[in-house]
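Based on the hints, put chain B in the right spot on chain A.
Residue strings, one per chain:
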Amino acid sequence: MTTAHDTARAADDRVRGPLTRLAPEAKLVGLVAFLVVVAVTPPSRPGALAGQAAVVIGVAFAAFVTARDVARRLAIDLPLAVLAATMAVAGSGPRLHLAGVSLSRDGLRIGMALLAKATIGIVAVSAVAASTTAPETVRGLRRLRLPAWACDLVALTARQLQVLGAELARLRLAASVRAGARGRRGEWAAVARALGVLFVRGVERADRLHVALAARGGPPPTATTTAPTPANTASWLPALLPAAAALALRLLV
Amino acid sequence: MHIPDGWIDLPTSVAAAGVAAAAVTVSARRARARLEDKATTTPAVVAAYLLVAELLVVPVGVGTGAHLVGAGLAAVLVGPELAIVCVAVVVVIQALVLADGGITAIGLNVVNNGVVPALVAWTIFRAATTARIRAPYAAALGAGLATLAAGAAAALEFTVGGTHVLPARAVATALGASHLVVAVIEGVLTGLVVRVVRRLRPDMVRT
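Those sequence lines, one after another, are chains A and B. Throughout the first sequence, residue numbering follows this note's numbering, covering 1 to 253 in sequence. Throughout the second sequence, residue numbering follows this note's numbering, covering 1 to 207 in sequence.
Mixed in with the good hints, there may be bad ones.
[What the hints assert, rightly or not] Taking beta-carbon pairs under 10 Å as the criterion, some of the chain A residues facing chain B (in silico): (1) Gly-47; (2) Leu-164; (3) Val-200.
I should point out that these hints are in silico values taken from the structure, not numbers from a laboratory. Heads up, the beta-carbon is just placed ideally off N, CA and C, and yes, glycines get one too.
Pulled out of the complex, with its shape left as it was, chain A reads as follows:
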């Protein structure tokens, strides 16, 4: 069974970098501010986008993000690369010829900008995720005045994610031992069975969880009461630095 130990270990495993010490709410605001600036940087400013990419790469180095961390998330970039290619080939406006292929200039520019923004986002999220544990994130959300019930919900979801993930691994193991599924139809039926069983077990677990919480006299004091001292300028200044740099690039380059 997955136990609370897994969570504790996960919290200890991360590399201690400068980003680990920053308050989670400052990191979250810094992340969102940075990505909003990147999102509103027009594709007609490739220099600014390149500078913002350099900023995020610097932050990723400071956070000791591993290449594996980024690579795992970069899979999301693949469909966007296809989209960018489609825009370049099928876009409207003046054409330009590159290595014998006729491309739309606007399509190429906007497609590349889109891909660059998505990649910057992936690296930025990786940096924050690598340096922030789930409980810290929840605490940050709570300090940002997200309603307490929503914070509890996010916290419990993160916990249940591990539990259900382990349950799914067991279901898969059992299915592979039975090795009953043959052919595409069989595989669909096997996936549907796993999903159905997982749902039933999950909801039954939720009911037990509720009984256990009620027996202890209500939900545990989570995000709302255990939040330590709020972030001071020592956290806010460095956390907002990338966003400020991105804004300067957006305005000046």
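Chain B alone, transformed into the frame defined by chain A:
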């Protein structure tokens, strides 16, 4: 697939975020009234379930696979209010932790993947079961049409706030065609899952 940052312009994204926030707030209030003190445990498990369900891939064609999106299934099994709240949690976790979907597009993705499909799936499911269609088939129909509605919402957002480098009609066609395929997969999977759940725990399928 989720909308990334920079694909839809900021005014449209902000408007969608407003719609999403309002829908989630109303849904959460209604869900809490219905669940009473189970208001955190059940949605947390359902949200985690939706995230984990994406790991199970069914084979579709040569080398490609598909996974359950789940808003329709959640709407059928736990009701549309709870489904909307759960999908919102899922979208926020995906954007903030997995970098799947843009941060500025969180509102758009909550509308497309949660609000629209949950309401459509639930409405169709209710109508179909009242017309004495059996629950798995009703759920399949609801989830399939919900996926098409989600595609239509994405196409609408693109027309309002997209980058106009590709002709809008071409984008609408591409979105429609891809969502048609996904709708069939989503419908079949949802129907199969509802059949399994009904066999194990008939009381869990609300008809």
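Here is what the structure says about each hint:
1. Gly-47: violated, 16 Å
2. Leu-164: Holds, about 5 Å.
3. Val-200: Status holds, d = 5 Å.
In this structure, the one hint that does not hold is number 1.
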